[in-house]
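Those sequence lines, one after another, are chains A and B.
Here my numbering is used: the first residue of the first sequence is 1, the next is one more, and so on.
Here my numbering is used: the first residue of the second sequence is 283, the next is one more, and so on.
Worth double-checking, as some hints may not be accurate.
[As the list claims (entries may be wrong)] Some chain A residues well away from chain B (every beta-carbon gap over 10 Å; in silico): (1) Gln55; (2) Gly80; (3) Thr132; (4) Ile138; (5) Gly168; (6) Val174; (7) Gly177; (8) Asn191; (9) Leu193; (10) Ala240; (11) Leu252.
[Unchecked claim] Cβ-to-Cβ under 10 Å is the rule here; a few derived chain B residues that face chain A: (12) Leu468; (13) Leu469; (14) Gln471; (15) Leu475; (16) Gly669; (17) Pro687; (18) Ala690; (19) Pro694; (20) Pro724; (21) Ser732.
Derived from the structure by calculation, the hints contain no laboratory data.
Since the structure is predicted, the reported quantities are computational estimates derived from the model, not experimental observations.
For every residue, glycine included, the Cβ atom is placed at its ideal position computed from N, Cα and C.
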Amino acid sequence: MTALAVRLRFARTGYGKVGLAGSLLLLALIAVGPLLAPYDPSAIAGLPLQHASRQFPLGTDGLGRDVLSRVLWGGRSIVGLSVLATSLAYAAGASIGLLAGYTKSILDPLLMRAMDVLLAVPPLLFLLVLATGAGRSIPVLVLGVATVHVPSIARIVRASTQEVATHGYVEAAVARGERLPALLGREILPNVLGTVLADAGIRLTASILILASVNFLGLGLQPPAADWALMISENRGGIALNSLAVAAPALLIAFLTISVNLVADAVARSLGTSTDRKRVAR
Amino acid sequence: MNEHALAVDDLRIELVSGEPVVEDVSFRVGHGEVLGLVGESGSGKTTTALALLGYARPGVRIANGTIDVAGTRISGLSEAQVRRYRGRLISYVPQDPAAALNPSVRVGDQVGNMLERSSEKEAHVDDAFELVQLPTARDFRRRFPHQLSGGQQQRVAIAAALVCKPAVVLMDEPTTGLDVVTQANLLAQVRRLQRELGFAIVYVSHDLAVVASIADRIVVMYAGRVVEDGPAARVLSEPQHPYSLGLIASVPDPREPRVLRSIPGVAVGVGERPPGCPFAPRCPQRIAACEESDPRLERTGGDRLVRCLEWRRTPTLAPEWRAPSGALPSRPASLLAVEELRAEHRGRGDAVVACSGVSFAIAQGECVALVGESGSGKTTIARCVAGLHAPARGRVLLDGAALAPLAAGRTPDARRRIQIVFQNPYDSLNPRHRVAQSIARPAQALRGYSRKAAEHAVADLLERVRLPARLATRFPGELSGGERQRVAVARALAADPDLIVCDEITSALDVSVQAAVLELLADLRAELGLALLLITHDLGVVSSVADRVLVLDQGVVCEQGAVRSLLASPEHAYTQRLVAAAPTLSVR
């Protein structure tokens, strides 16, 4: 842990350490959890809605499935899908933003007005319409969540691209006749990356929350899949009998978003101070 | 009344960690005297100046020493106490008026805010505006800073400094960013005010030529210490400290086409000062004792002080004149020709003409300078030549063949042969690329080198620009301004060009660093037969480097000719004004 903290500049702060520890713990839980699960997550193991006992540490759900096993399995989908959706969103948003910010042609207004249209639609409404229209499959879900993020990423990237493009090193590259992909990828992208990644954590948590909401509303993953958000939705009917079946997945989602946010904040704060040696007052 | 307007004794300013920034600084300023506090970046001159206001920047503290202004001790007072004296006893004119004036407060109020509430406030502000020759109309006082020109903004700052009639005015490079003519006017005005009102001035600057035109007395600082202190004329004509000598030898002078001599090595930063004399590593006359103990400031007679064990051995100032760049007509046909160039900037509304009807030619190995004030269109011409701006009319020819307006349309060979080095070394290198990557890229892109061959070439190129090979793995953020500009030159050289366009490449650098970069350019011309198109506002630079010069006034060439004759006897009224206003070391 300490060795890692030294290597990763962001982890030198207290919040960064806490966030990193929390995130790693959850990742470990998600990775190893299914191996430790005492029961098959979709098998009916006992009577429905039992309290916590030695046999079922977190009780059972409305169908009599073991809540602990479902919790141990249920992080994979939500974390995997939100990471996937967020990465896709960054790839698409950054490409659009770089292109729109650098070009002075008609492409810029075309791309950006399209982004504005997307931005005007409330995310959940968009996802609901998408799920209804295109079916409730995982690819549609991921693409939908990614699309929600693309406009705001594109706008941020475009703004910093416009700023970076005025620098001498970009002009030097233009003067030596570099092609567009090299200009954008080599000269501009590395310099806007800091700004762009500063909010990666917030976006990841936003993806988690959107996915959780969609799953909760029953428009995302379908039962009998084990998923934290889905579990909250399934088990809220039995909350009076076995409250742990709702509380455990809810707490885990909260823990996950808080840890990721702490890491993201620490990363963002460490970015500006990377290699720049601060000069002392003259 | 007290003997001195300002007395500083044994001042020591250190970082919170205890590392000294300024140490053992003592000097006196008499009533009505102008003291020039000269030093380069990192010499501690601004830190010292701020300390005179009883102020230390965050992270820095005044550890020791006394400061007396007109007999009042202002050191060791609390912030609340010292505030009572600021403005009244000692006031401050900051470096950049555009940043120092509050953009959302009317200029009249900015000056008035210096005064306590009084019925005569208006009248005092009026007087202050009149003093600095600003219009006193109510309408003018109600303007916001952005509605004034740079020179006017600086006058507002000076008016604010003078309105309380202080005994000492601190001026921290008040003319940086101003055009030479504006600068000369402002200096003349400051001098006049100072004579009329009799206040003392501490004028902080890295520019010896400007200081020479205003100061009675000069204090030279190096690595946080005073190294020389004496009457201005004597210090400038017969410096006793080897650093002062080096500094003077590196100032280009429009009236004397001297060969510039830079000081070897680089200035030491805070925290890397060697034991003993901090200048010893760069000093041509050091002896063993220099590296052991820091010499004391020694009185050398005639009201002069110097901090050097071997000051008697400091050579006399012996300017070396540039060999006249004769044989111009015998040069081969022109390498680059610009014909009837007209360039415009298109904003939302009408196009603004940057330059028009500009024609000139550069021969192989020749150095042509384009001189003008800001807004004269010189940078736009440079960008047209480099293919970064499409001219509205006219052509750029290379070896007699017309070039496409934009770099993307030019042949790789044409792009290779014309390289550009930009003004600001802090943004001309990609901060995310290592030095080696930055330098290797043009060789790969324009000369078809393999990655390996290009990386191999990097070491040679670094050596060519006199940089150690170990810098190859650094990021630009880890380099000084001078080092970055050398890397930018190396990047241009990597393409094996015939012509390098130098757009104000030394304007962001200290004088001694500027001298080193100009020296490098001169050497490269001699070694490689490079032609240079030098864009500058500094006639001194022109005089020490260029063969021919074109003077631009609002986008039109108003005079051109061989450097020496043009600077010696300018004919156009604009050129005459420029030459007259250019600061020079030749004593006023």
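Status of each hint after checking the structure:
1. Gln55: Given that every Cβ of chain B is farther than 10 Å from that of Gln55 of chain A, nearest at about 57 Å, it holds.
2. Gly80: holds, 31 Å
3. Thr132: Answer for Thr132 of chain A: holds, closest chain B Cβ roughly 45 Å.
4. Ile138: With a cut-off of 10 Å, Ile138 of chain A remains clear of chain B, as the shortest Cβ separation is near 36 Å.
5. Gly168: violated, 3 Å
6. Val174: At roughly 6 Å from the nearest Cβ of chain B, Val174 of chain A sits no farther out than 10 Å, so the non-interface label is violated.
7. Gly177: violated, 5 Å
8. Asn191: violated, 6 Å
9. Leu193: Violated, because the least Cβ-Cβ distance between Leu193 of chain A and chain B comes to about 8 Å, which does not exceed 10 Å.
10. Ala240: holds, 57 Å
11. Leu252: About 37 Å separates Leu252 of chain A from the closest Cβ of chain B, which puts it past 10 Å; holds.
12. Leu468: This interface hint is violated because 22 Å lies over the 10 Å limit.
13. Leu469: violated, 22 Å
14. Gln471: Nearest chain A Cβ about 26 Å off; hint violated.
15. Leu475: Violated, because the Cβ-Cβ distance from Leu475 of chain B to chain A comes to roughly 27 Å (cut-off 10 Å).
16. Gly669: For Gly669 of chain B, the interface hint holds, since the closest Cβ of chain A sits about 6 Å away, which is under 10 Å.
17. Pro687: With a closest approach of 13 Å, the Pro687 of chain B hint is violated.
18. Ala690: holds, 6 Å
19. Pro694: Because about 6 Å separates Pro694 of chain B from the closest Cβ in chain A, which is inside the 10 Å limit, the hint holds.
20. Pro724: Given a least distance of 5 Å, the restraint on Pro724 of chain B holds.
21. Ser732: Violated - the Cβ of Ser732 of chain B stays beyond 10 Å from chain A, reaching only about 17 Å at its closest.
Violated hints, in rising order: 5, 6, 7, 8, 9, 12, 13, 14, 15, 17 and 21; the structure is consistent with all others.
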